[in-house]
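Listed here are the chains, written in short residue letters.
Number of protein chains: 2
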Amino acid sequence: MAADGSNQYPARVFLRDVTLRDGLQSEEILVSVADKTSLIEKILAAGIRELEVTSFVSPKRVPAMADAEELWKALPEIEGVRYSALVLSQKGLDRAIHAGVEEVGVFVSASEAHSRRNSGQGIEEALREALKMIRLARQAGMRVRAGVMNAFGCHLEAGPIPVEKVLGLAEALHREGPEEMVLADTSGIGNPRQVFESISGCRQSLNCCRLSLHLHNASGWAFANLLAALQAGVDTFDVTLGGLGGCPFLPGAAGNLSEEVVVRFLESLGIETGIHLPSLLLASGSLEELLGRPLPVRCSGGPP
Amino acid sequence: MAADGSNQYPARVFLRDVTLRDGLQSEEILVSVADKTSLIEKILAAGIRELEVTSFVSPKRVPAMADAEELWKALPEIEGVRYSALVLSQKGLDRAIHAGVEEVGVFVSASEAHSRRNSGQGIEEALREALKMIRLARQAGMRVRAGVMNAFGCHLEAGPIPVEKVLGLAEALHREGPEEMVLADTSGIGNPRQVFESISGCRQSLNCCRLSLHLHNASGWAFANLLAALQAGVDTFDVTLGGLGGCPFLPGAAGNLSEEVVVRFLESLGIETGIHLPSLLLASGSLEELLGRPLPVRCSGGPP
Numbered sequence: 001m002a003a004d005g006s007n008q009y010p011a012r013v014f015l016r017d018v019t020l021r022d023g024l025q026s027e028e029i030l031v032s033v034a035d036k037t038s039l040i041e042k043i044l045a046a047g048i049r050e051l052e053v054t055s056f057v058s059p060k061r062v063p064a065m066a067d068a069e070e071l072w073k074a075l076p077e078i079e080g081v082r083y084s085a086l087v088l089s090q091k092g093l094d095r096a097i098h099a100g101v102e103e104v105g106v107f108v109s110a111s112e113a114h115s116r117r118n119s120g121q122g123i124e125e126a127l128r129e130a131l132k133m134i135r136l137a138r139q140a141g142m143r144v145r146a147g148v149m150n151a152f153g154c155h156l157e158a159g160p161i162p163v164e165k166v167l168g169l170a171e172a173l174h175r176e177g178p179e180e181m182v183l184a185d186t187s188g189i190g191n192p193r194q195v196f197e198s199i200s201g202c203r204q205s206l207n208c209c210r211l212s213l214h215l216h217n218a219s220g221w222a223f224a225n226l227l228a229a230l231q232a233g234v235d236t237f238d239v240t241l242g243g244l245g246g247c248p249f250l251p252g253a254a255g256n257l258s259e260e261v262v263v264r265f266l267e268s269l270g271i272e273t274g275i276h277l278p279s280l281l282l283a284s285g286s287l288e289e290l291l292g293r294p295l296p297v298r299c300s301g302g303p304p
Numbered sequence: 001m002a003a004d005g006s007n008q009y010p011a012r013v014f015l016r017d018v019t020l021r022d023g024l025q026s027e028e029i030l031v032s033v034a035d036k037t038s039l040i041e042k043i044l045a046a047g048i049r050e051l052e053v054t055s056f057v058s059p060k061r062v063p064a065m066a067d068a069e070e071l072w073k074a075l076p077e078i079e080g081v082r083y084s085a086l087v088l089s090q091k092g093l094d095r096a097i098h099a100g101v102e103e104v105g106v107f108v109s110a111s112e113a114h115s116r117r118n119s120g121q122g123i124e125e126a127l128r129e130a131l132k133m134i135r136l137a138r139q140a141g142m143r144v145r146a147g148v149m150n151a152f153g154c155h156l157e158a159g160p161i162p163v164e165k166v167l168g169l170a171e172a173l174h175r176e177g178p179e180e181m182v183l184a185d186t187s188g189i190g191n192p193r194q195v196f197e198s199i200s201g202c203r204q205s206l207n208c209c210r211l212s213l214h215l216h217n218a219s220g221w222a223f224a225n226l227l228a229a230l231q232a233g234v235d236t237f238d239v240t241l242g243g244l245g246g247c248p249f250l251p252g253a254a255g256n257l258s259e260e261v262v263v264r265f266l267e268s269l270g271i272e273t274g275i276h277l278p279s280l281l282l283a284s285g286s287l288e289e290l291l292g293r294p295l296p297v298r299c300s301g302g303p304p
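For the record, the sequence lines run as chains A and B.
Just so we're aligned: 143 in our numbering is position 143 of the first sequence, and the numbers increase by one with no gaps anywhere.
Just so we're aligned: 248 in our numbering is position 248 of the second sequence, and the numbers increase by one with no gaps anywhere.
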């Protein structure tokens, strides 16, 4: 057997379900709060313990998230389960604080063009805003996940994002003391070399901070990026049922990591996930019924 | 930047196009020899220099390959281009020798159930046959690729294939002196750990022999296996246009590595392929016209 470092993976991996947020945000079909909580219950029944369930964003921009406050009130309270929400602006953060949200995600984009399209601000201004939001969120007693979107490249810009740029943004965010840092391949454009180098760099400079990865499969090789991240020591990944989702403000970026396939992949590597796949497939089936169509990635219950 | 071995890849990778064989073998539409040679010309124009173009197999079992002799006569003769054919039996080898084939692929399955279904023989008997075929092929002056099918697992059997079993078969085949050894994930069921360990094992015991990998994407994580193989030092992979194909005698095994996505993936890693992607996309377009439907994996000409 090989004793090379490239064949070493974490023994346990944590999956954060972001179906309710990243999966549903681009959907034209509006899922009711009752149906959302019912879906959450099914996801929890499969063993998932972290969920990003909504974003506090303008209902005009993202109608599917207009029910953020109402959903938050209706979330099933279960010991050990952590819910979070994405906030994109000071106004969104205020709403989240008012709604009693306990954990927020605050992101800046490493792509100037994407930053302007997503937030109306250039990177520098968006970073100042994000730092302020992290401070305010922490003052309000929230847990904070801070992250860099388009950390590896952007469909709106030519060429890859330099690792140094990502590390610079991550370090700036990290100084405000978030509980977790996230690198997001929002465009699904990164390669395993970038993922490995960026993660390794972050692990060195952001010592003792939990580090997670948000991958999209637009290019078709997200599982190679997932493998590189495992090799760099990442043990937390965002996933959605059936790979549903993508950034609504970015052309060509589609498909999250499929939760079911990730579970099967990690199981094949002998990595513990705490997820019961047959229960997860019941959740996927419910989501297909809600949407009235098959999910982008389907995973049978049989052998892989 | 990380200096870990897991971030090291070969500088140059060779892609063998197996569209005409593995891509077309399950198709009900019979493509004419003229259309096949026209497609081959387009694939060659993209820079591909190795192609597996047919298999000498019973026309009753695989009607799409019934024109093997006729196709072989019509192949474009171009300096530096190598064509090969798959042979599954002594009878097929005789036909290939008679047709003037210069390179053959000879395979045994590491799965007893698959071996019986594919060849009507158990592994031991099939191995004896394969060894005899390699000897005869070499006596006839042919180059030989010898390989192990279902090297990582099989849909027809429970559990993974032990690495030792694969190495045992590979060593037996290798003793007959083939120019190249192939490990095939026929069921698309392998994981990166198995791929890395099997390849590393083969590289140690099959010294000085070219080693290549044939991956299927049935599980959805073939690019993680591709990455693991690159990390183990493999520099030759079988691919098909649009990922067309799959073994016709194995349920649930579908989808080869998409040639276009592999080229883009390797380019993103700075690995040289010698392939001109826009020309390859022209070949894919032609194949879609021949089949009258989109290929399983589509790759735009724009940024990834």
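What the hints contain is simulated information worked out from the structure, not anything from laboratory work.
Predicted model only: the values in this text are computed from it and were never measured.
Yeah, the Cβ is synthetic: ideal placement off N, Cα and C, and Gly gets one too.
Hints are supplied without guarantee of correctness; some may be wrong.
Listed next, with one range per pair, are the computed distances between beta-carbon atoms [as the list claims (entries may be wrong)]:
no., chain 1, residue 1, chain 2, residue 2, range
1, B, T37, A, E41, 37 to 45 Å
2, B, R210, A, R61, 36 to 44 Å
3, A, E70, B, L30, 36 to 44 Å
4, B, P63, A, P59, 53 to 61 Å
5, A, R61, B, P278, 33 to 41 Å
6, B, K91, A, P162, 40 to 48 Å
7, B, G270, A, G122, 24 to 32 Å
8, B, Q204, A, A66, 58 to 66 Å
9, B, G122, A, R82, 26 to 34 Å
Hints and how they fare:
| no. | hint | result |
| --- | --- | --- |
| 1 | B:T37 - A:E41: 37 to 45 Å | violated (59 Å) |
| 2 | B:R210 - A:R61: 36 to 44 Å | violated (55 Å) |
| 3 | A:E70 - B:L30: 36 to 44 Å | violated (59 Å) |
| 4 | B:P63 - A:P59: 53 to 61 Å | holds (58 Å) |
| 5 | A:R61 - B:P278: 33 to 41 Å | holds (37 Å) |
| 6 | B:K91 - A:P162: 40 to 48 Å | violated (59 Å) |
| 7 | B:G270 - A:G122: 24 to 32 Å | holds (30 Å) |
| 8 | B:Q204 - A:A66: 58 to 66 Å | holds (60 Å) |
| 9 | B:G122 - A:R82: 26 to 34 Å | violated (53 Å) |
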